[in-house]
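Following full-length UniProt numbering, the numbering of the sequence shown begins with 1 at its first residue and continues without gaps.
No lab work stands behind these hints: they were computed from the structure.
Just so we're clear, the structure is a prediction, and the values are computed from it rather than from any experiment.
Among the hints, a few may not be true.
To be verified - Label pairs and their computed distance ranges (CB to CB):
no., residue 1, residue 2, range
1, 343, 443, 35 to 43 Å
2, 358, 24, 51 to 59 Å
3, 337, 24, 50 to 58 Å
4, 444, 159, 42 to 50 Å
5, 336, 18, 33 to 41 Å
6, 411, 390, 35 to 43 Å
What the hints assert, rightly or not - BS3-like mimics (lysine-lysine), calculated; alpha carbons at most 25 Å apart, straight line:
no., residue 1, residue 2
7, 335, 378
8, 487, 515
9, 515, 466
10, 355, 335
11, 472, 487
12, 101, 87
13, 515, 101
Just so it is clear, CB atoms sit at the ideal spot from N, CA and C, and this is done for glycine as well.
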Amino acid sequence: MTNLASLLSDTAARYGDRTAIVIGDMRLSYAQLDQYSTLCASLLAARGIGPGDKVALTCPNLPYFTIAYYGILKAGATVVPLNVLLKGREVAYHLADSEAKAYFCFEGTPELPMGQEGYAGFTATDSCEHFFVITAQMGAPSPIPGTDTMVGAMGGAAADFTGPELSGDDGAVILYTSGTTGQPKGAELTHTNMLSNALASDRLFGADAEHPDTYLCVLPLFHSFGQTVIQNSAIAFGGTIVMLPRFEAEAALQLMAAEKITFFAGVPTMYWGLLGVLDDSGVDVKALAEQLRVAVSGGAALPVEVHREFERRFGITIMEGYGLSETSPVASFSKFGEPVRVGSIGPAIPDVEMKLINPEPGQWDEVPEGEVGEIAIKGPNVMKGYYNRPEATAEVIRDGWFRSGDLARVDEDGWYYIVDRTKDLIIRGGYNVYPREIEEVLLTHPDVSLAAVIGVPHDSHGEEIKAVVIRKPGATVTEDELLAWGKEQMATYKYPRIVEFRESLPMTATGKILKREL
């Protein structure tokens with residue numbers, strides 16, 4: 001097994017009649033999902049796309065995402081999932097940087113309006129060779145003249161397609177992250193990387209193909225958390241994926257009850273939201289508690305009070321884990337069936353090693369026992385490298401060890417506890433927000449002289465984005481005007497919600513802004 005797509009093909013061969021995906025009244029069996037993804041692969045191959053090629057995908061949690069994802073893999077190409085909230089300028093950057101030859105893009109609806117903004121600002125010929133629009137209504141024409149719809153193009157594809165031979169070291173997925181340069185970087189994950197993480201679900205969560213779980217899919221599938229822990233793990237073990245394109249707490253609870261969800265994974269704000277509407281939702285909490293087998297949290301630290309209240313109401317301990325896009329993503333997790341250790345991200349997962357190293361740049365020696373250090377990770381889940389960025393890769397990977405940028409301590413049993421972040425990363429509602437990227441956009445405003453972006457505490461989002469700005473002499477831009485401008489320039493989860501104007505910013509002698517002081 002070297003191609004990640006074999007997860008789907010193998011499960012379809014064994015459990016073809018099982019329900020693979022549920023959304024609304026639609027139910028797709030594994031046999032149907034496998035067939036549609038093969039048609040997608042056949043379409044791409046007919047357009048000359050194969051091993052080594054990159055294919056971008058913008059789609060919310062809809063069956064189209066999974067069909068295209070596995071179709072791209074079957075064709076031997078690399079999937080480049082893009083955040084559905086990106087604006088046209090941002091999408092164009094990702095397409096160019098990944099060298100994508102084809103792009104599947106959802107057209108958007110009033111409820112999920114990312115499509116028009118996603119493909120605004122570029123054309124099929126400007127960005128990639130082949131452009132396929134995913135329409136909200138099956139059979140609807142493309143809203144962009146001269147382009148194909150995904151469904152229409154697949155209709156003319158050959159059904160008998162055999163994919164090319166691949167190596168486990170070949171690229172499967174490129175996930176975009178960011179770092180000190182401020183420009184997003186593509187973490188290139190191999191088939192071995194992604195397979196190892198998906199197949200760990202039996203040891204991590206007790207997944208069993210003979211007794212499959214029903215997963216509520218509210219985590220965005222373009223993110224590695226949703227891809228691995230929900231989509232790929234469910235498919236590996238013959239589970240059912242119940243999709244909810246946009247998280248709403250009450251709708252999620254109703255779906256959990258109606259579809260008898262046994263596996264829920266979310267970010268802390270989702271758990272906070274579920275508890276907030278639980279009493280008024282009308283659902284039978286006792287029945288929900290009896291059917292729910294696994295609850296998983298990641299993306300940010302889970303507040304202790306949320307942890308305890310969920311355990312009190314549902315009688316189940318939320319499992320907390322840790323990972324990064326560069327590690328496919330799971331690196332550590334609390335142990336299934338064991339009492340929770342509040343604040344811990346658990347020990348390293350099977351076949352993965354973790355240690356604490358000197359956090360100073362260029363230093364890789366382990367810190368003395370009992371001291372805080374930077375988490376380093378080694379194992380089959382560690383990325384191949386940043387796509388087309390050998391220097392950036394060399395900064396974070398040495399002898400197979402990946403340095404995370406996160407500071408932690410470890411107890412005598414090998415359970416890790418995050419202490420701080422060496423990067424200025426902001427986590428807003430489970431989304432990673434990188435200040436440098438936002439600062440560079442703010443500096444393109446004609447009235448902005450200098451800007452520093454920081455995260456400030458927020459009750460429901462965990463952190464909110466704040467920009468501290470110095471205006472150019474004579475400039476009169478107001479807070480409301482700058483907020484509105486930022487909303488137009490950046491994805492919804494990125495733009496600052498708070499602006500503070502100052503005459504100066506605290507700096508070091510070398511001119512570095514002291515964000516910790518801000």
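Subject >> Numbers of unmet hints, in rising order >> reply: 3, 5 and 13
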